[in-house]
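Each chain sits in its own coordinate frame; assemble them with the hints.
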Amino acid sequence: MNTIPVEVGLILAGILFMLGLISVLMRRNIIFMLISVEIMLNAAGLAFITAGAKWAQADGQVMFIFILTMAAAEVSVGLALILQIYHQLKTLDSDAVNKMKG
Amino acid sequence: MITFYIAAAVAVLATIMVITRYNMIHALLYLVVSFLAIAIVFYVLGAPFVAALEVIVYAGAIVVLIIFVIMMLNLKQESVEQEKEWLTKNILIGPAVLSVILLGELVYMISVSGSGTVDQPTLDAKAVGMSLYGPYVIGVELSGILLMAGIVGAYHLGRQRKKVVHRFLESSQEK
Numbered sequence: 000m001n002t003i004p005v006e007v008g009l010i011l012a013g014i015l016f017m018l019g020l021i022s023v024l025m026r027r028n029i030i031f032m033l034i035s036v037e038i039m040l041n042a043a044g045l046a047f048i049t050a051g052a053k054w055a056q057a058d059g060q061v062m063f064i065f066i067l068t069m070a071a072a073e074v075s076v077g078l079a080l081i082l083q084i085y086h087q088l089k090t091l092d093s094d095a096v097n098k099m100k101g
Numbered sequence: 000m001i002t003f004y005i006a007a008a009v010a011v012l013a014t015i016m017v018i019t020r021y022n023m024i025h026a027l028l029y030l031v032v033s034f035l036a037i038a039i040v041f042y043v044l045g046a047p048f049v050a051a052l053e054v055i056v057y058a059g060a061i062v063v064l065i066i067f068v069i070m071m072l073n074l075k076q077e078s079v080e081q082e083k084e085w086l087t088k089n090i091l092i093g094p095a096v097l098s099v100i101l102l103g104e105l106v107y108m109i110s111v112s113g114s115g116t117v118d119q120p121t122l123d124a125k126a127v128g129m130s131l132y133g134p135y136v137i138g139v140e141l142s143g144i145l146l147m148a149g150i151v152g153a154y155h156l157g158r159q160r161k162k163v164v165h166r167f168l169e170s171s172q173e174k
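Top line first, the protein sequences correspond to chains A and B. All residue numbers for the first sequence refer to numbering that gives the first Met the number 0, where the first residue is 0 and numbers rise by one. All residue numbers for the second sequence refer to numbering that gives the first Met the number 0, where the first residue is 0 and numbers rise by one.
For reference, chain B alone in the conformation it holds in the complex (with noise of 0.2 Å):
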């Protein structure tokens, strides 16, 4: 049970730092941090299988898919001076102070509504895999049909298009 606190504060600094960091690459490793303590919260609410892939898609793939296009895109230095230049105490003032009203809505309103406590047995992957390709078929067949789309949008995106080295098409393909 402190366990659970431990990692939710870890989650909620490493956040924080996330969001004010000027540079890149160090936003994204207290990103991983953040994403590896969510982890042990998953595993002390008992989900240790949902605990594991947190750590392998999100920490593992998603992270490093963003720092592979953080080296592609070859940034400097200057990247950094120019996020100190975008990110001002003026521009963080509105909207911290219109979502942390809305939290302490949110806040109140849970707690005014009590629900109990999580003191349930762990769920494994056994009772998840029974549920996924049970009732939620459908769902396993809309996530293939989704990701299919994701790859073949991004590789239509990503794609470098070709130069048109005819003079007379030059002009046409400018604008």
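Chain A on its own, in the form it takes in the complex (with noise of 0.2 Å):
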């Protein structure tokens, strides 16, 4: 029943991973930015679900949960970043913000 090849989950991994980074690449838009991000994570956690029931071991699931954490932590503090952009330059423009001032 439940015989999938390993190649072919690391494969869809692999897939969702670059539509993530072509979108991060090609969006000006900072919240886009933010959500490619999301889809690249997720795809980097489908690889370790795979890699862990290939080995009938529970340290992949492990590994997603952690990457769940980061991805919750990572996203709280980018949208707050996003929100003082936004309330500063009126714009979500990710070229506006490329100067820094100390």
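In case anyone wonders, no lab produced these hints; they're calculated from the structure. For clarity, every value in this text was computed on a predicted model and none was experimentally measured. Take these hints with a grain of salt, some might be off.
[Unchecked claim] Derived DSSO-like pairs (lysine-lysine); straight-line CA-CA distance at most 30 Å:
#1 A:Lys98 to B:Lys83
#2 B:Lys75 to A:Lys53
#3 B:Lys75 to A:Lys98
#4 B:Lys75 to B:Lys88
#5 B:Lys83 to A:Lys89
#6 B:Lys75 to A:Lys89
#7 A:Lys89 to B:Lys88
#8 B:Lys125 to A:Lys98
[Unchecked claim] Now the stretches of chain A that chain B is said to cover, found in silico as 3 or more residues with beta-carbon under 8 Å:
#9 6-14
#10 17-27
#11 31-43
#12 48-61
#13 65-78
[Claimed, not checked] Sample of chain A residues with no beta-carbon within 10 Å of chain B, all distances over it, derived:
#14 Leu82
#15 His86
#16 Leu91
#17 Ala95
#18 Lys98
A virtual CB, placed ideally from N, CA and C, is assigned to each residue, including glycine.
Laid out in structure tokens, this is it:
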């Protein structure tokens, strides 16, 4: 019943990671870039789950839980930063914040 | 097994829709579909606990958080027009070609090294919990520290600065 080739799972993770990478490279809207980073983190978690299922160990799922924690912390801090940028610059253009002022 | 392939196809298609939408809310709704499809993939791979976590935390919490922020920003139709202006075909070609080359290399390397099939029994929440609080308990503590730093950081960054009303201080606070 449950005979899935490991390569297919890893290739699926690779495809999803590539889509997120394309999106984070081509977008200029900061919120879309944050969404793309979520897609990439999710793809990394899928690779961990696939590898964990191959050897029937729980380590892959534990790593996914850590990735989940990291993604939640990252998105909350990122959204707070986006709010600050929007209040100060009135735009979501990532090119508008390329000059740091100490 | 056929479930796996259908869910994988749905996940890839929904992700393609996410990265080509101009409207942010539409992209987020496709992102929910993508997460649900990946949750089905997790379930088929024998990880039901993680599938539930995917639905609850990713599709439930993170997407809703992003939707709240989009509502707070109060974006209008002009933002969709602006996104349409930013996201052109020319900008897409460069990253897409380079990433597809990298993906081709990855697929080649994975498929050359054949590594068998997944035909293991499902690992339930008990096995995950035993592992999480056994050998990985230091990771749980570090995750707690990370979440604490996330809470403090989000509060510090998201706080509205108080307006200084004193007229002597106002000029120095401006820039």
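Each hint, compared with the structure:
| no. | hint | in the structure |
| --- | --- | --- |
| 1 | A:Lys98 to B:Lys83 | holds (25 Å) |
| 2 | B:Lys75 to A:Lys53 | violated (47 Å) |
| 3 | B:Lys75 to A:Lys98 | holds (27 Å) |
| 4 | B:Lys75 to B:Lys88 | holds (24 Å) |
| 5 | B:Lys83 to A:Lys89 | holds (18 Å) |
| 6 | B:Lys75 to A:Lys89 | holds (13 Å) |
| 7 | A:Lys89 to B:Lys88 | holds (26 Å) |
| 8 | B:Lys125 to A:Lys98 | violated (50 Å) |
| 9 | 6-14 | holds (count 8) |
| 10 | 17-27 | holds (count 10) |
| 11 | 31-43 | holds (count 7) |
| 12 | 48-61 | holds (count 13) |
| 13 | 65-78 | holds (count 12) |
| 14 | Leu82 | violated (6 Å) |
| 15 | His86 | violated (8 Å) |
| 16 | Leu91 | violated (7 Å) |
| 17 | Ala95 | holds (12 Å) |
| 18 | Lys98 | holds (14 Å) |
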